[in-house]
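These protein sequence lines are chains A and B, in that order.
For any residue, its number in this note's numbering is found by taking its place in the first sequence, counting from 1, and adding 121.
For any residue, its number in this note's numbering is found by taking its place in the second sequence, counting from 1, and adding 377.
There's no promise every hint is true.
Claimed, not checked - Here are the simulated DSS-like pairs of lysine-lysine, each with C-alpha atoms no more than 30 Å apart in a straight line:
#	chain 1	residue 1	chain 2	residue 2
1	A	K184	A	K330
2	A	K432	A	K330
3	B	K512	A	K432
4	A	K184	B	K626
5	B	K512	B	K442
6	B	K512	A	K398
7	B	K626	B	K484
8	B	K626	B	K599
9	A	K398	B	K626
10	A	K146	B	K484
11	A	K398	B	K599
12	A	K330	A	K345
13	A	K298	A	K146
14	B	K512	A	K184
15	B	K626	B	K442
16	B	K484	A	K298
As the list claims (entries may be wrong) - Ranges of calculated distance between the beta carbons of each label pair, as one might list FRET restraints:
#	chain 1	residue 1	chain 2	residue 2	range
17	A	F194	B	Q552	39 to 45 Å
18	A	L209	B	A396	29 to 35 Å
19	B	Q445	A	K330	53 to 59 Å
20	A	P329	B	A455	19 to 25 Å
21	B	A396	A	R249	15 to 21 Å
22	B	L638	A	E331	43 to 49 Å
23	B	A381	A	E331	25 to 31 Å
24	A	G196	B	L511	54 to 60 Å
25	B	L638	A	V173	40 to 46 Å
26	A	L185	B	P427	23 to 29 Å
27	B	A396	A	L185	37 to 43 Å
28	A	T186	B	A396	20 to 26 Å
29	B	N480	A	W302	30 to 36 Å
30	A	L229	B	L463	53 to 59 Å
Simulated from the structure, these hints should not be mistaken for laboratory data.
Glycine included, each C-beta is placed from N, C-alpha and C at the ideal position.
Now for the letters of each chain:
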Amino acid sequence: MIKLQAVTQAAEHLKKRGIFSSRLKRDEILLGYALLLPSFLFIGLVIGYPLVRSVQLSLNRFKLTAGVDSEQFCGLCNFQSLLRDPFLDVYLRNQAIWVLGATFLPILFALVLALLMDRELRGRWFWRSVVLIPWMMPIATTALTWRWIYDRQWGLLNYYLRQLGIISENVGFLTDKLWLWPSILLMAMWMWFPYNYVAILAALQAIPKEMREAARVDGCTPLKEIWYITLPSIRPVLSLLIVLGLIWSMNDFTAIFLLTEGGPGIDSTTLAPLVYKVSFRYYDLGKGAAIGMVLMLISLIFGAIYLQMVKAEEK
Amino acid sequence: MSNAQRFLRTLREQIPVYATLIALTLFIVVPFLWLLTSTVRPVAELYVYPPRWIPQTFTLVAYQKAFQTFARPLVNSAGYGLVTALLTLIVACPAAYSLTRLNYPGKRSVTGVFLLTQMLPFVLLLLPLYIIYLKLGLYNTRLGLIIGFTALTVPYSVLLLRSFFSGLPIELEEQAMIDGCTRLGALWRIVLPLSTPVLVAVVLSSIVLVWNDVLFTIFLSKDLEVQTASVALYRFFTVRSASGGVAQKEVMLAGGVILTLPVIVLFTFLQKYIAAGITAGALKG
Chain A
122 MIKLQAVTQA
132 AEHLKKRGIF
142 SSRLKRDEIL
152 LGYALLLPSF
162 LFIGLVIGYP
172 LVRSVQLSLN
182 RFKLTAGVDS
192 EQFCGLCNFQ
202 SLLRDPFLDV
212 YLRNQAIWVL
222 GATFLPILFA
232 LVLALLMDRE
242 LRGRWFWRSV
252 VLIPWMMPIA
262 TTALTWRWIY
272 DRQWGLLNYY
282 LRQLGIISEN
292 VGFLTDKLWL
302 WPSILLMAMW
312 MWFPYNYVAI
322 LAALQAIPKE
332 MREAARVDGC
342 TPLKEIWYIT
352 LPSIRPVLSL
362 LIVLGLIWSM
372 NDFTAIFLLT
382 EGGPGIDSTT
392 LAPLVYKVSF
402 RYYDLGKGAA
412 IGMVLMLISL
422 IFGAIYLQMV
432 KAEEK
Chain B
378 MSNAQRFLRT
388 LREQIPVYAT
398 LIALTLFIVV
408 PFLWLLTSTV
418 RPVAELYVYP
428 PRWIPQTFTL
438 VAYQKAFQTF
448 ARPLVNSAGY
458 GLVTALLTLI
468 VACPAAYSLT
478 RLNYPGKRSV
488 TGVFLLTQML
498 PFVLLLLPLY
508 IIYLKLGLYN
518 TRLGLIIGFT
528 ALTVPYSVLL
538 LRSFFSGLPI
548 ELEEQAMIDG
558 CTRLGALWRI
568 VLPLSTPVLV
578 AVVLSSIVLV
588 WNDVLFTIFL
598 SKDLEVQTAS
608 VALYRFFTVR
618 SASGGVAQKE
628 VMLAGGVILT
638 LPVIVLFTFL
648 QKYIAAGITA
658 GALKG
């Protein structure tokens with residue numbers, strides 16, 4: 122949430138000029154740069170240079186199996202090799218399922234929850250604390266917990282689904298093709314709805330009360346009120362959350378890596394874990410970088426859309 | 378009569394609301410509660426069918442073992458978190474001040490760069506970073522990890538601080554500077570003391586980010602000796618040999634709870650600061 126705020130704010134302020142004007146122009150310019158320097162040293166080493174180097178790597182043939190000095194320019198060979206990859210369609214399908222599911226399910230869940238909570242409730246404090254639980258759990262704990270719940274032999278979910286008669290014998294939620302993605306996305310929904318929820322609730326509470334009262338006086342049913350008043354009012358927040366969700370889930374490595382490690386086989390391997398696999402398991406750094414570049418280009422397109430949306434907001 | 382009707386109407390409206398709310402809440406709390414209850418029982422009761430919500434024997438033996446297993450990584454996590462938070466403040470405050478109070482060419486692009494870093498796939502950057510770290514001798518070192526973490530926290534901290542600073546009244550600083558304070562003096566004496574809520578928010582989010590990190594640590598280190606508790610937990614539950622073949626479910630689950638507790642404590646005690654940090658940012662829109 123803090124991150125979301127910071128990013129949104131910064132985008133909104135991009136256009137504003139500094140407020141202070143000083144007579145000592147040159148000193149001000151120098152001081153301005155000097156104060157930025159430390160942050161740019163860190164970002165330059167850990168983000169800037171690696172970014173340039175990634176572009177270079179993606180255009181080079183560099184397999185660690187052929188030796189650490191085997192790096193050699195080869196143009197688009199890595200991208201060609203990626204296009205010829207027999208499993209490319211599997212990776213892309215996984216990526217699509219993951220990005221769409223991990224973006225929209227948490228937002229949908231958050232929306233329903235926020236609509237329910239945006240009223241006088243008994244035990245408000247209790248409901249609010251409960252909602253924050255998944256947010257406070259470190260992702261390693263979250264993945265471990267869900268692995269335990271999904272456990273084939275002793276898992277809670279197998280037991281309850283059998284009790285309900287939905288399945289007749291235990292299934293491997295993280296190994297069975299049918300259950301794999303629903304299980305992954307269920308965890309994604311559980312752990313990522315809280316920040317969407319906080320943002321949506323804040324937007325709901327900013328809707329003027331008079332609007333709703335007027336709607337109610339005019340005989341609106343609660344569902345109509347939600348459709349005609351509430352949802353249009355929070356549309357800007359929802360679209361921001363969607364674009365940010367798309368960018369962040371697209372680039373996310375940790376969730377899938379911790380839950381399934383991209384398996385079984387390659388059945389849940391999305392592009393970010395694929396970068397890791399190709400580079401560190403198959404030692405093909407060039408191809409790994411090429412996949413990463415594809416990922417980055419798509420993210421940047423979404424990033425540009427996001428900035429446009431923030432600018433449109435301003436007007 | 379009308380009272381009774383009104384009561385019935387409220388009831389009709391309220392029941393579905395509370396029913397749905399309870400269902401959603403169950404989905405939210407069940408995993409957490411199941412984790413908790415799984416850690417306070419002897420191993421034998423972990424593997425029972427049907428699953429037992431309330432164990433017959435209550436024991437904290439799993440926690441005792443987990444503390445032994447995770448002692449080193451927990452200390453690492455806490456240390457990295459604190460150092461990273463401190464470094465982040467030292468690096469991000471001047472940058473944010475520069476972006477809000479000084480005029481120079483290229484300022485907008487600088488903000489753009491900070492924003493851009495939030496949209497990059499880090500898994501791509503970590504590849505060359507791994508090679509660079511090997512060359513610089515930073516791979517698998519505490520210093521290397523802290524540098525990586527700080528680069529991760531600085532960009533959004535700058536953005537957060539920036540939106541807070543730009544909302545502070547400039548008159549106080551002008552007054553101080555007329556009275557002979559330098560710019561940096563004004564930052565130190567006026568801006569920072571007024572910014573406590575957002576500074577706490579930055580420290581807190583940096584600590585939590587380091588505490589939860591898996592990606593950077595996996596790429597930039599290999600020995601448990603220097604790794605964080607999150608990664609130690611991950612390694613224990615995926616690679617049995619990492620724990621010397623003694624990876625026991627109940628110890629890992631207890632480790633998961635231990636990992637969560639500090640975050641809950643931080644959130645609870647500092648809730649008003651987080652809220653202040655967020656609303657301070659939000660109001661500036």
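May I ask which of the numbered hints given earlier this structure violates, with the numbers listed in increasing order? 1, 3, 4, 5, 7, 13, 16, 17, 18, 20, 24, 26, 27, 28, 29, 30
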